[in-house]
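All chains, full assembly: derive it from the sequences and hints.
In case it helps, the working numbering puts the sequence shown at residues 1 to 332.
Derived from the structure by calculation, the hints contain no laboratory data. Computed from a predicted structure; not experimentally measured. Using N, Cα and C, we set each Cβ at its ideal position, and we do this for glycine too. Any given hint might turn out to be false.
No more than 30 Å apart at the CA atoms, straight line, and that leaves these computed lysine-lysine pairs for DSSO-like [stated by the list, open to error]: (1) LYS93 - LYS317; (2) LYS237 - LYS58; (3) LYS86 - LYS317.
What follows is a list of derived Cβ distance ranges for each label pair [as the list claims (entries may be wrong)]: (4) LEU318 - ALA137: 35 to 45 Å; (5) ARG176 - ALA319: 25 to 35 Å; (6) THR103 - PRO194: 32 to 42 Å.
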Amino acid sequence: MARSSLHGPRLTAVTTVAHDLPPVSDNAALTRWLHGLPGVDQVGLEARAAGLSTRSIKTTSKAWAIDTAISMIDLTTLEGADTPGKVRSLCAKALVPDPSDPTTPRPAAICVYGDLAHVAREALGDSGIHVAAVATAFPSGRASMPVKLADTRDAVAGGADEIDMVIDRGAFLSGRYLQVFEEIVAVKEACRRPDGTSAHLKVILETGELATYDNVRRASFLAMRAGGDFIKTSTGKVAPAATLPVTLLMLEAVRDWRELTGVQIGVKPAGGIRTTKDAMKYLVTVSEIAGPDWLTSDWFRFGASGLLGDLLLQRQKLATGAYSGSDYVSID
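Right under this line is the structure:
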């Protein structure tokens, strides 16, 4: 299976921006730009998200929606007790999600710690399932830049197609926006392989620590301005993780960024998305806010460990009218 177009050529960093954007010359200029973004109407945002969460998907479209959601999953294990054996088992689950139904789509990627990227790469081979690796001292981001860059390069050398980096939230919340910008640019460069190709970069904002919706919007635009290919809500290690209002806000940001620059950026909510009902709410929100161009794994992902199992159960019920036994789907 060929790899998706997510890994095709993409312009990066400042070269992508429209001519009417001010240059990133110093922290003061970046601050003026970010604080000049429209403020977020908290009441309106949360009301819109609540309204979208009540929308239902027609029965005739539900099979497509379930398969689409499966194809968008970054199947994840990010525990201190992870082993090569656990990663291989997760890869086997991704390669054959439902042994009884070969038409079941595969998830988009396996997401692991960087030191296990080579294990996932070997297990997945040329299946078309991507290897995503967390890096830059995940989940805290508390490390020197040389350590963060070495972390990234090691994961890419191990076979990672995608790097999920964390921003320095302390720097961001202190108003050191240029520092955060320059770190993203440097990590993007560290994603480059010797042959000139690059692993793609997802920038984790850790929205649960950003305190306000205005900060989420600013962090989203900062990450896109620095060349991130995706913006991601959370590490999954901080509460709250992904929420529908925050994801809606980030979808508005990538929609507006494409209108401004012509460059499309992906969105990845991660953490706390466990059920088919949850996934359907997010797909409705993607469709309504960003539009159908984002309804593919090239541009939208779910960071999840338990979501696949529930989607497979609902898929099987839709096909047969009944649930199978509890052993139908393997449990992580």
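Tell me the hint numbers this structure goes against, listed in increasing order. 2, 5
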